[in-house]
Amino acid sequence: MPAAKKNLVIVESPSKAKTIEKYLGRTYKVVASLGHIRDLPKSKMGVDLENDYEPHYISIRGKGDTIKNLRKEAKKAKKVYLASDPDREGEAIAWHLSYLLGLDPKDQNRVVFNEITKDAVKNAFKTPRSIDMTLVDAQQARRILDRLVGYSISPLLWQKVKKGLSAGRVQSIALSLIIKREQEIKAFEPEEYWSIDSEFKKGRSKFKAAFYGVNNKKMKLPNNDKVQEVLKKIDPKADFDITEVKRRERKRYPAPAFTTSSMQQEANKTLNFRTRKTMMAAQQLYEGINIGKEGTVGLITYMRTDSTRISEVAKHETSLFIHDEFGAEYAATKPRKGKMPEGAQDAHEAIRPSSVLRTPESIKEYLNKDQFRLYNLIWSRFVASQMTPEVSDTMTVKIEQNGVQFRANGSKTKFEGFTKVYKTNKDKDNVLPNLEEGDQVQLVTNNPNQHFTQPPARYSEATLIKALEENGVGRPSTYAPTLDTIQRRYYVKLESKHFEPTELGEIVNEIIYDFFPDIVNIDFTAGLEKDLDSIEEDKEDWVKVVDRYYKPFAKELAKAQEQIEKVQIKDELAGFNCEICGSPMVVKMGRYGKFFACSRFPDCRNTQAIVKEIGVTCPKCHQGQIIERKSKRGRLFYGCSRYPDCDFVSWDKPIARECPVCHSYLIEKKIKGGKQIVCPNGDYEETPQK
Numbered sequence: 002m003p004a005a006k007k008n009l010v011i012v013e014s015p016s017k018a019k020t021i022e023k024y025l026g027r028t029y030k031v032v033a034s035l036g037h038i039r040d041l042p043k044s045k046m047g048v049d050l051e052n053d054y055e056p057h058y059i060s061i062r063g064k065g066d067t068i069k070n071l072r073k074e075a076k077k078a079k080k081v082y083l084a085s086d087p088d089r090e091g092e093a094i095a096w097h098l099s100y101l102l103g104l105d106p107k108d109q110n111r112v113v114f115n116e117i118t119k120d121a122v123k124n125a126f127k128t129p130r131s132i133d134m135t136l137v138d139a140q141q142a143r144r145i146l147d148r149l150v151g152y153s154i155s156p157l158l159w160q161k162v163k164k165g166l167s168a169g170r171v172q173s174i175a176l177s178l179i180i181k182r183e184q185e186i187k188a189f190e191p192e193e194y195w196s197i198d199s200e201f202k203k204g205r206s207k208f209k210a211a212f213y214g215v216n217n218k219k220m221k222l223p224n225n226d227k228v229q230e231v232l233k234k235i236d237p238k239a240d241f242d243i244t245e246v247k248r249r250e251r252k253r254y255p256a257p258a259f260t261t262s263s264m265q266q267e268a269n270k271t272l273n274f275r276t277r278k279t280m281m282a283a284q285q286l287y288e289g290i291n292i293g294k295e296g297t298v299g300l301i302t303y304m305r306t307d308s309t310r311i312s313e314v315a316k317h318e319t320s321l322f323i324h325d326e327f328g329a330e331y332a333a334t335k336p337r338k339g340k341m342p343e344g345a346q347d348a349h350e351a352i353r354p355s356s357v358l359r360t361p362e363s364i365k366e367y368l369n370k371d372q373f374r375l376y377n378l379i380w381s382r383f384v385a386s387q388m389t390p391e392v393s394d395t396m397t398v399k400i401e402q403n404g405v406q407f408r409a410n411g412s413k414t415k416f417e418g419f420t421k422v423y424k425t426n427k428d429k430d431n432v433l434p435n436l437e438e439g440d441q442v443q444l445v446t447n448n449p450n451q452h453f454t455q456p457p458a459r460y461s462e463a464t465l466i467k468a469l470e471e472n473g474v475g476r477p478s479t480y481a482p483t484l485d486t487i488q489r490r491y492y493v494k495l496e497s498k499h500f501e502p503t504e505l506g507e508i509v510n511e512i513i514y515d516f517f518p519d520i521v522n523i524d525f526t527a528g529l530e531k532d533l534d535s536i537e538e539d540k541e542d543w544v545k546v547v548d549r550y551y552k553p554f555a556k557e558l559a560k561a562q563e564q565i566e567k568v569q570i571k572d573e574l575a576g577f578n579c580e581i582c583g584s585p586m587v588v589k590m591g592r593y594g595k596f597f598a599c600s601r602f603p604d605c606r607n608t609q610a611i612v613k614e615i616g617v618t619c620p621k622c623h624q625g626q627i628i629e630r631k632s633k634r635g636r637l638f639y640g641c642s643r644y645p646d647c648d649f650v651s652w653d654k655p656i657a658r659e660c661p662v663c664h665s666y667l668i669e670k671k672i673k674g675g676k677q678i679v680c681p682n683g684d685y686e687e688t689p690q691k
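In terms of the numbering used here, the sequence shown has 290 at position 289, counting the first letter as 1, and numbering is strictly consecutive.
The set of hints was computed from the structure by calculation and includes no laboratory data.
Hints are not guaranteed to be accurate.
List of simulated lysine-lysine pairs, DSSO-like, C-alpha gap at most 30 angstroms [claimed, not checked]: (1) Lys-181 with Lys-30; (2) Lys-552 with Lys-654; (3) Lys-654 with Lys-181; (4) Lys-164 with Lys-552; (5) Lys-187 with Lys-270; (6) Lys-467 with Lys-494; (7) Lys-654 with Lys-613; (8) Lys-421 with Lys-316; (9) Lys-424 with Lys-270; (10) Lys-545 with Lys-19; (11) Lys-545 with Lys-45; (12) Lys-429 with Lys-670.
So the derived label-pair ranges between C-beta atoms look like this [as the list claims (entries may be wrong)]: (13) Gly-328 with Lys-227: 26 to 34 angstroms; (14) Lys-370 with Glu-573: 39 to 47 angstroms; (15) Pro-42 with Gly-683: 54 to 62 angstroms.
Where a beta carbon is used, it is the ideal one built from N, C-alpha and C, also for glycine.
Hey, can you work out the whole structure from these sequences and the hints?
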């Protein structure tokens with residue numbers, strides 16, 4: 002008897018294939034396409050401008066064996082199911098697969114699931130559907146427009162500035178935001194202002210209060226003269242009156258479960274994860290981790306989403322868990338719904354654990370450090386979103402003498418609510434003594450302080466993603482590659498976790514701003530995102546949308562080709578000559594930053610790394626100097642100048658002092674809010690410095 006034919010399931014990644022095959026059993030075979038298998042060619046535009054923007058797709062180079070194997074498996078399968086990711090990109094992959102395998106897109110062979118668990122996968126296979134061509138068309142419109150813009154502007158930049166540059170819709174907006182912020186910082190003029198922070202006491206209890214105003218009117222203190230005017234009205238030896246006491250109950254509600262954007266922002270702020278690292282760990286958690294007796298299981302729902310919606314099943318399971326674990330008073334009867342960003346597709350749920358019963362501690366042994374920290378963040382945020390608010394008693398007190406008023410604010414947590422699970426640094430308890438109207442208190446100290454207004458902060462990865470999302474630019478899947486691209490092109494650099502534009506970035510931005518204003522127009526780009534959503538909702542034809550955006554752009558392109566003059570980026574002199582040919586050395590820009598090169602390149606190919614000595618002799622070989630270096634990912638570390646003869650390296654900065662205990666070298670370790678001098682062997686540490 003010939004072996005019974007199996008059903009073939011095609012997913013995107015091998016780890017996902019392995020997880021799903023375990024759930025479906027012996028009658029199914031699950032294989033991976035390894036992402037996209039068909040795309041526009043890299044060597045040319047690949048879009049027919051004369052024939053309704055018809056794309057010319059080709060099989061991706063290097064995917065020949067994969068396609069051959071997929072065709073072979075499809076030929077002998079009982080039925081083929083396409084189970085790529087549940088978004089526009091995944092729908093397009095399914096459509097390309099159906100073309101290459103000779104399947105009918107109208108067949109009921111498309112399977113989608115929001116989480117990779119046994120029940121979710123099995124239920125999805127009970128209700129397969131045909132490929133959704135509105136999703137495919139929306140993805141296709143985005144891909145074609147990005148190709149038209151990128152493959153038109155990039156050659157122009159190569160010709161007028163330098164080779165290897167690129168421009169795109171979302172990356173140009175990101176670069177523009179960073180440069181505008183830098184311009185605001187440079188134009189900023191600080192303004193002086195003062196505060197008076199005072200300490201009072203009632204009996205033995207001391208508390209702090211701040212100057213508010215005079216004669217019931219809020220008053221600013223622009224300079225020291227105004228401060229002295231106020232202080233002259235105060236008799237430091239006389240009592241102050243408590244003129245008003247307000248007591249309130251304040252509720253603080255939990256944030257909704259994560260979207261892709263909010264997860265990237267929070268992981269950046271609390272875990273110090275770069276965006277790419279966050280998405281890599283989230284992908285692993287979604288596709289499946291082997292957790293012992295349960296086997297391989299997807300631990301979170303799909304991680305590319307702009308929705309805060311939660312399924313009723315997940316709500317019910319979480320409510321029972323909160324009742325059992327913390328008590329009924331902690332479970333919200335009607336969890337608050339998160340505010341959806343404008344234009345959100347709401348195609349999936351928020352990011353949540355596939356089962357709340359898999360607590361972070363219960364599966365910690367099966368996860369690596371990054372996976373555990375991210376899972377713990379996702380699990381805690383989700384459980385907190387289904388809990389009751391934190392309740393605090395607040396107290397506002399007015400303190401007065403001779404018309405001069407101070408205010409003190411206090412708070413005390415009465416009920417933890419969601420903070421029992423999801424701790425925040427906000428609103429720590431500040432308990433005031435028991436004060437009533439008519440009470441008198443004594444002044445302990447007056448502390449006038451001079452301040453200056455600060456310029457707006459440079460964008461971090463978290464704040465830049467937030468800005469892009471608030472402006473409706475890009476989608477969850479675009480943020481990580483966008484930030485990666487503007488750094489690889491060296492348009493921006495990360496300094497102290499904040500983006501600074503480079504000279505090259507400013508030149509490219511100026512060209513795009515002058516000749517392609519729509520590309521850096523936030524409203525224009527956000528409008529395109531809405532039009533792509535309209536294609537998905539079958540309200541717009543994708544060809545008409547592309548036409549509407551490309552025709553004005555084509556006119557701008559023709560004008561730019563005529564008017565842009567070649568930009569000469571002058572090489573900065575290094576200040577010394579080449580040891581090979583004697584010509585001046587100059588500073589060049591490479592993939593990983595600046596380096597020294599001979600000005601006669603390519604006739605002389607001498608290059609040198611730019612090193613910065615920190616004034617410390619290598620503690621290992623005692624001959625070389627410790628210099629700053631950068632890893633391929635841009636992380637700063639310290640190594641010996643005699644490498645590879647000496648292999649000393651340290652992530653922390655060595656200092657020119659010995660440990661008084663073991664006589665090893667000491668290092669300067671960065672800690673929250675400052676730095677600390679410690680011995681790497683753990684024998685000695687000093688008090689942290691702010």
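Hint by hint, here is what the structure shows:
1. With a C-alpha separation of about 53 angstroms, the suggested pairing of Lys-181 with Lys-30 is violated against the 30 angstroms cut-off.
2. For the hint pairing Lys-552 with Lys-654, the CA-to-CA distance comes to about 55 angstroms; that exceeds 30 angstroms, so the pair is violated.
3. Between Lys-654 and Lys-181 the CA atoms are separated by roughly 33 angstroms; this puts the pair beyond 30 angstroms, and the hint is violated.
4. A C-alpha spacing of about 26 angstroms is found between Lys-164 and Lys-552, which places the hinted pair at or below 30 angstroms, so the restraint holds.
5. With a CA separation close to 26 angstroms, the supplied pair Lys-187 and Lys-270 stays within the 30 angstroms bound.
6. For the hint pairing Lys-467 with Lys-494, the CA-to-CA distance comes to about 19 angstroms; that is within 30 angstroms, so the pair holds.
7. Distance check on the hinted pair: Lys-654 and Lys-613 sit about 12 angstroms apart at the alpha-carbon level, within 30 angstroms; holds.
8. Between the alpha carbons of Lys-421 and Lys-316 the distance comes to roughly 18 angstroms, so the proposed pair stays at or under 30 angstroms and holds.
9. This hinted pair checks out: Lys-424 and Lys-270 have alpha carbons roughly 14 angstroms apart, not beyond 30 angstroms.
10. Between Lys-545 and Lys-19, the direct Cα distance comes to roughly 42 angstroms. Violation of the 30 angstroms bound is thereby established for this hinted pair.
11. Distance hint between Lys-545 and Lys-45 is fulfilled; the C-alpha atoms sit about 23 angstroms from each other, no more than 30 angstroms.
12. Of the supplied pair hints, the one linking Lys-429 and Lys-670 holds, its CA atoms being roughly 27 angstroms apart against a limit of 30 angstroms.
13. Distance hint check for Gly-328 and Lys-227: the Cβ-Cβ separation is about 53 angstroms, which falls outside the suggested range of 26 to 34 angstroms.
14. Separated by about 41 angstroms at the C-beta atoms, Lys-370 and Glu-573 satisfy the suggested range of 39 to 47 angstroms.
15. Taken as a hint, the range 54 to 62 angstroms holds for the pair Pro-42 and Gly-683, whose Cβ atoms sit roughly 57 angstroms apart.
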